[in-house]
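Novice: Sequences listed follow chains A and B, in order. Note that our numbering has the first sequence beginning at -2, numbered continuously upward. Note that our numbering has the second sequence beginning at 4, numbered continuously upward.
Each hint should be verified, as a subset may be incorrect.
Facing chain B, according to a computed beta carbon distance under 8 Å, are these residues of chain A, among others [as the list claims (entries may be wrong)]:
1) Trp62
2) Val115
3) Leu142
4) Leu181
5) Leu232
Here are the simulated DSS-like cross-link-like pairs (lysine-lysine), alpha carbons at most 25 Å apart as the crow flies [stated by the list, open to error]:
6) A:Lys258 <-> B:Lys177
7) A:Lys258 <-> A:Lys162
8) A:Lys259 <-> B:Lys220
9) B:Lys177 <-> A:Lys9
Hint data in this document are derived by calculation from the structure and do not stem from the laboratory. Built from N, CA and C at the ideal position, the CB exists for glycine as well.
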Amino acid sequence: MLLNLNSLGAWKWILLAITGATSVFLLLPILFIAALSFGSSQWLIFPPPSWTLKWYQDLLADPRWLEAAWTSFRIALMVTVLSVLIGLVASFGLVRGRFVGRVALRALFMTPMILPVVVLAVALYAFFLRLGLNGTTAGFVIAHLVVALPFSILALTGALEGFDKSIEDAAVLCGASPLKAKILITLPSISHGLFSAAIFSFLTSWDEVVLAIFMASPTLQTLPVKIWATLRQDLTPVIAAASTLLIVVTMLLMLIAAAVKKGMKA
Amino acid sequence: MGWLQDTPSAMIGEAPAKSGRDRRANRRLRKVMAMVSLAETADGRQAPHRRRLLPRGLAPTLPALVLVLVFFVLPVLALLTRSFTEPVLGLQNYIDLLGSSTYLKIFFNTFFVSALVTAISLTIGFPVAWALAIMPKRQANIVFAIILLSMWTNLLARTYAWMVLLQRTGVINKTLMGLGLIDQPLVMVNNLVGVTIGMTYIMLPFIIIPLYGVIRKIDPAILQAAALCGATRIQAFIHVLLPLAAPGMIAGALMVFVMSLGYFVTPSLLGGTANMMLAELIAQFVQSLVNWGMGGAAALVLLVITLSLYAVQLRLFGVAGQEKH
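One chain only, chain A, in its complex shape:
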């Protein structure tokens, strides 16, 4: 009765109204930012008096924004590669190993995901002060790797658990070396896991704010740090333009992910 939309009576309309309103609530700020980024008003008046591309021109003409975007991309790419590699190897051990404390080890690998990131940021900041890693690319990559790795391990252990190991054994029996069997048989079979591990790792690093604020130096900062620093001064429409570009990147990644998922089902 309550789990059938058509026998809900008046409740049906209440539920649908709340859902509709929530969808608008979730969507509106994003559309609003996109609209403002094309608006001519410096003071973010809405609806804008006229439309312009000025803020995008400002954004793309400023080498500091471009540099920050490039830094973000570079770091996210390195984090993705390392996170998938380390995560893949570790997942083989976690799924196929038979050692004591395997469950505890898996829980340990997940903790960076549940701990408040500000604690890790402050702790790493202190640690990197001693090692001289603050404000370096290595510092950024390590910090982001710590928070990206749990997502990678989560995706890859899931994929490996769903893979029937006897197929890999059969390849070995047919003469493949264990490594060759893993590369030619197992990896293609868990490609969806590899793919989500890569996407999650990339986005974790690309969007990460808190660790980046602590790791950044005046000469090395990621895009979120640049937005953060600008936001603390004023609400210029340039940030709306930068945010819109970020949203477009995210949407593209989401669409690619959806397309790949669909292609894999077919």
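Since chain A is already given, all that's left is putting chain B on it; use the hints.
Specialist: Same frame as chain A, but now just chain B:
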């Protein structure tokens, strides 16, 4: 199976590898033999014991383990230790932290906002998850796409949107004044109202998605049975649907509450300096005051609360994603 152990190995030893093909065949045979002997071990029979430096499967986890130990466990423990040793050995930092009304107000703010955000998210999230679970697939997918889009949009972009929307001259104030509902613009930024709205926006998906999964799994026949037994909609809701969905609600609520407690970005941008929350306090101790002792103490308090709430969750619902053997 003793004959199997002797004969083929003897055969391999006797047959000199004449060609590459032979050698390959020999190698293959040895592999088969290795597998047979492994199978024998499983049978409980004697097999040549292979010495290993590490238990099987532990070695591949080492890179990840080293990373987590060196760049996660060690720095966090070092930070927490400093709360007991700087500036002097003892509990002075904790006495200061929990004894001052300024800091207690920050703790109160943190708990108050987190509880409020959790309550609002649950109140809105439950009907949405319910509707999603029974809506036609096509419409449900549209709503899901919106939820995922908002979830995946950069955190700063979302917070910026709310800073603009909620400001004095923002769209919301203008609309409300245009409708004649208010005379004066409402103050919604640099206070806890703004923080609550901005955080609810971020946390809603974290309630809706798990709750959707829980409601989806409830068998509609149970509710039909309730109806057949004469239950009204409200009775069925209170006595059947709500209890069945309760585990999902509690799990989602705990998660949102814990995440809110440690949130940094949104409270500092929408809350202003006068309405600090715990995560900002930790950052401020370290960044502006360079007081590592107090910073570590505040971090420890946050960690203890976070981990105890996770322990409650594990106790109630078991380890999420635990192996299904």
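Novice: Each hint should be assessed against the structure and marked as holding or not.
Specialist: Against the structure, the hints come out as follows:
1. Trp62: violated, 14 Å
2. Val115: holds, 4 Å
3. Leu142: holds, 7 Å
4. Leu181: Status violated, d = 16 Å.
5. Leu232: With a minimum Cβ separation of about 6 Å from chain B (threshold 8 Å), the hint on leucine 232 of chain A holds.
6. A:Lys258 <-> B:Lys177: violated, 44 Å
7. A:Lys258 <-> A:Lys162: Holds, at roughly 23 Å.
8. A:Lys259 <-> B:Lys220: holds, 24 Å
9. B:Lys177 <-> A:Lys9: Not OK: lysine 177 of chain B and lysine 9 of chain A at ~33 Å, beyond 25 Å, violated.
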